[in-house]
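Full structure from sequences and hints, please.
Quick mapping for you: the protein sequence lines, in order, are chains A and B. Take 0 as the starting number for the first sequence in numbering that gives the first Met the number 0 and just add one per residue. Take 0 as the starting number for the second sequence in numbering that gives the first Met the number 0 and just add one per residue.
Calculated from the structure, these hints are not laboratory results. Do not rely on the hints blindly, as some may be mistaken.
Stated by the list, open to error - Partial pick of chain B residues on the chain A-facing surface, computed with a CB cut under 7 Å:
no., residue
1, G479
2, R574
3, D575
4, V577
5, T578
6, Y579
7, G580
8, T583
9, T584
10, A586
11, G587
12, E590
13, G594
No experiment lies behind these values; they were computed from the predicted model shown. Glycine included, every Cβ here is placed at the ideal spot set by N, Cα and C.
Protein chains: 2
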Amino acid sequence: MALALDAKADEGMWMPSQLPTIDKALREAGYRGNPKDLADLTKAPLNAVVRIGGGTGAFVSADGLVVTNHHVAFGVIQYNSKPDRDLITDGYVAPDRKGELPANPDYRLRVTVGFDKVTDRVLAGAAGKTGRAYYDAVDAASKALVAECEKEQGYRCSVANMFYGRDFYLVKQLELRDLRLVYAPPRAIGNYGDEVDNFVWPRHAGDFTVLRAYVGPDGKPADFSPDNKPYHPPSHLQVAREGVAEGDFVMLAGYPGITYRHRTAAEFADQIEWRLPSSIDVLKQLQGIIEDQGKADREAGIKYASQLQSLKNGIKRFSGELEGLERSDAVTIRRDDEAAMLAWLATQPDAGALKPNIDEAMKLIAAGKDVRERDLLIGLLSSQTQLMRGALAIDRLSVERPKPDAAREAGYQQRDEELIQSQLKQAQRRYDPRVEKAMISALMTRYQALPAAQHLPEFDAVFGRNASELARALDRIYGGTGMSDEATRLRLFSASSADIAGSKDTLLAAAHALQPALLRVEDERKSREGDLMRLRPAYMQALIGYREKQGRAVYPDANSTLRVSYGKVTPLAARDAVTYGPVTTVAGIVEKNTGKAPFDAPKPLLDAIAKGDFGQYADPKLKAMPVDFLSNLDTTGGNSGSPVLNAKGELVGLNFDSNWEAVSASWMYDPRYKRAIHVDMRYMRWLMDKVYPAPALLKELGVAP
Amino acid sequence: MALALDAKADEGMWMPSQLPTIDKALREAGYRGNPKDLADLTKAPLNAVVRIGGGTGAFVSADGLVVTNHHVAFGVIQYNSKPDRDLITDGYVAPDRKGELPANPDYRLRVTVGFDKVTDRVLAGAAGKTGRAYYDAVDAASKALVAECEKEQGYRCSVANMFYGRDFYLVKQLELRDLRLVYAPPRAIGNYGDEVDNFVWPRHAGDFTVLRAYVGPDGKPADFSPDNKPYHPPSHLQVAREGVAEGDFVMLAGYPGITYRHRTAAEFADQIEWRLPSSIDVLKQLQGIIEDQGKADREAGIKYASQLQSLKNGIKRFSGELEGLERSDAVTIRRDDEAAMLAWLATQPDAGALKPNIDEAMKLIAAGKDVRERDLLIGLLSSQTQLMRGALAIDRLSVERPKPDAAREAGYQQRDEELIQSQLKQAQRRYDPRVEKAMISALMTRYQALPAAQHLPEFDAVFGRNASELARALDRIYGGTGMSDEATRLRLFSASSADIAGSKDTLLAAAHALQPALLRVEDERKSREGDLMRLRPAYMQALIGYREKQGRAVYPDANSTLRVSYGKVTPLAARDAVTYGPVTTVAGIVEKNTGKAPFDAPKPLLDAIAKGDFGQYADPKLKAMPVDFLSNLDTTGGNSGSPVLNAKGELVGLNFDSNWEAVSASWMYDPRYKRAIHVDMRYMRWLMDKVYPAPALLKELGVAP
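What follows is the structure, given as structure tokens:
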């Protein structure tokens, strides 16, 4: 379908295939290449942009160098840190290729090699069905496609759902399993400002890390081995020798995780009025638990450092999202927009075809409120714990394993077993019984306070109905489990249902007892999702038509597939009389520096700033050494590490953060406030040249001084 | 002496008599009047600028209307507030002249009518003397001048010391005692943002209040009486019909209290390294005491509201001063500047005459460190208490009263008795025994921890040497005093030394026992001050000479005499990538508004903003309703309420705050950061026209819509 285009639209996470459609706008904005060259995400240059960790990265050398954010590679740095070798604090510069340090075994890089529309095959079996049957039909077809695709070793495949069930694409990705740490700045550079600055422009973080991808001697994906060789990517980006300045064209490619811009007005209201405030409240409680225990026990503090950072990020992001959506008056605007769309639809010939499905979708969405509190809490029980999550996974695996692989639940198929196993291993570094018990106690205390209609008998049986029963249950469950032992966990990993039924391990037994409730909840959710997948395309169809009438193109909501956005380096008028310039400089590092974390820039950096030897890296206009810059590019979570390119397609920055005023953009793009924050490649190059020198690396990047 | 002038200097609190000297610079900056017309502060227009409360105000009508800040008139508003008439919360619009409410009896307005150089007479008796004798000679001569001047009823006179003992001026001021409240916005407008926004641009406060001065039927100053008539000032300022915009010329006249810009390098170091951190620490403790007691007892909270506000202001100002001086690297800069001055002096013919005095001054300043902790604490004991301060004043009065008036200590002369008496009355509204005991306990606990060399036997005897003795002493002193009774206080006011010696009042007895120590400390201080007054002119002479060589004029440090500064409406590049625009608008009020204090704009204001009926008051460029604006005018405490004039000399704003980055300007003017914050007269006029209408008042101000 040819979409009408509003060249003035600030927002847009475009599928590469949409770019030729908006050719004119792209050129007018300043792009000097041919938009047609960007239409295929499996070809150069877009195939240099990869999924890595939970974010995005890009190949930047023929020998498999990858740049991404320090925070995207943080797990790799943490994994390689030991009491006598603190890479978090000190950073790391590999002395040579032999000195490149293997990442944690579950760290992955994926290169997209296929992206094909498979809507007909996915929906073929779903026609005429509803609810769970519709869901299962889509699921079965998707799994069949994935299984067929993954027959080829070393590939991961997935089916991407565009426009909420309207279009489906089969995504095929080469998965590399041997990543190595090449260059990381100290955390006090990579994460300068930490939680205080996170989401708050102006920022001064050097949030980048360089890794290298390796493959087996046969050139195929392989686990780490000393015999492996650097991977030769099909294409790589060229690091720019020049920087950008205010007003310059920039574009960004990456794997934005999820947006909700095309959700219904009722979903907007639920998010703003209930979900965000409730989530902030419970996550803050979990944060407090980790912090309190971390103070009492340094070892526990270290184990939960990564989870704590992720909780803090979540809380800050949710708070900013809430504040931003309220400031943008999102509930009212979306409500009025939807009402106008429905009024317009009523005048259209296809109203009769679309309206019933739209009405039905809205009823279903309204019904979702009934158990939302319970669903939030049991979701956190499986996502925020270590041993409990492991036990639940083992029990679920025992249910799924006997099925034919294609019939197994996503996430519990053969292809997922390795990941689950490595998570079970990893728990050794990330688990402390007191922290986990305190967290479950907090979640289940909230659950116990819910009205009876939200209760699940299995949960009541396992955790009791009041505080003292809960305390006794947790003491019993965690006192009688052997799962804190890694060997035991790995042995249990392959347990059958019968093994588990007979097991005396108290934690595994508890997980087994909870499982029927979780399966029931899952079934309800899938049934609802099946219906929504069936019904929402009508809503999207109406919306696309209505936008077309308004002269606006529509991109699908983000879904972790490769998207491109373009815009320019842009200042921010954040509040009355407050304007933020779009480029920060090292002067700001000195201004912020208190000597105490998170404003404790390392001495070599402060000395180098004082020395002022910025040479070719200084900004010619500002006559100062740049650190980060701000653009109006359309981004969301998952865009961490996304390469930012100049008009010539050269790498000028890495996306790493949003401004506080824009974190609500996952729901609503407000052009007054939406900005993305990037680390300037000039800062990275200066650090590599003058502060923590890595001359061979600069040479390999093609920017030797 | 003709001073060399640096037209580019950003700083300057000029004596009006200096303005013709800098005629060219003033005109180049944009002033359209004749600087000669500003040379005499006793003539129009500068005699419209008055001392009021602790700040500055200006006559704005022929019938004695005065504008000043809401916070300068806050005591007047508080005095008129009762449980059933909360003018603090609701504001006040006098329905007519009969409805104008009398200020608290000790509230004063002073119009400067004489300003004459009297250096020769002041120093005549001091020649050849040192220390206390020098001090006493200056003091006696000053008092004689003041007494002679005050023979005329209704006038207050003082001797102003310019350039630290080099020049003296006799200042004669007409003192008006009947001020009345005409128009005050609600506190949520007048002090919008309160402590959160205080010293932090961008601000959104309508910090103004309108009073009217009254005199007796004979046209002479008089206490409040219903028979009094409006005062007809010799001149008044015209409120402008237009506003100012970025880059526009502005000037300001007012009574800046005190600056330290010409202090020695050692004094800078003492301030930054000891005095500011120590003061912040102890004031925070006093603030905590008031807040804790105020939570427990609402009545106590109300009584100490004014003192709490003043403590909070102090803490914030000290913290900002410290931060700013550290940011400006003031210790180093002043040290290097002084060293360069001394090096230059060594090459000058008058080095021999000046150097010995400079050296001696520096030795004296260094010796001041020995008892600085003790002096800070006993200073707070007399300034931050209510009843203890009263008892100390009564006791001191009994010592001073028998002396000839001219020989009495300044502050305890006949002319001061009324003020002391009214403070004793006022204590009724501002005293709570638990708060005062807790505050003294905090101060004396710190005192007890000082090394023996700083101890005073009298203090040890009265307050004991340890915590339990202190607690017992305070219980005894406050348990056995009748001074919490207003009648008792007023009776004791005229007590003789013999009365006091025989009094059984425990608080009065304690004050009497402490007095010898306070007198001894005072004597030491005066001796030091006498010597510094004798010696510092040499330092100033050297500094003026050195600045002349640098092409820079020197204004005297501020000393509560009328000064003029000029500059322009100026944005602020506060930090790396952060720029503040110089004009705020009502949009910022809405942005900041949370509905909870201090961001709880009244409904009539929010409604009027939503309505958007700004008419002639909106800024034509911004197309928005302005609230406050920012300039680079040179100000300090005491400049609160200072009129800000445009190039034509019309009133465009009232100074009310500084930016956080500039509160260190009392010691060092850093042109990068020094800004002053003014309420825009357009905002005042709009409030008076559209929000809390006062049409007669607008007419009297000559700006009827």
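**OP:** May I ask which of the numbered hints given earlier this structure violates, with the numbers listed in increasing order?
**Re:** 1 and 13
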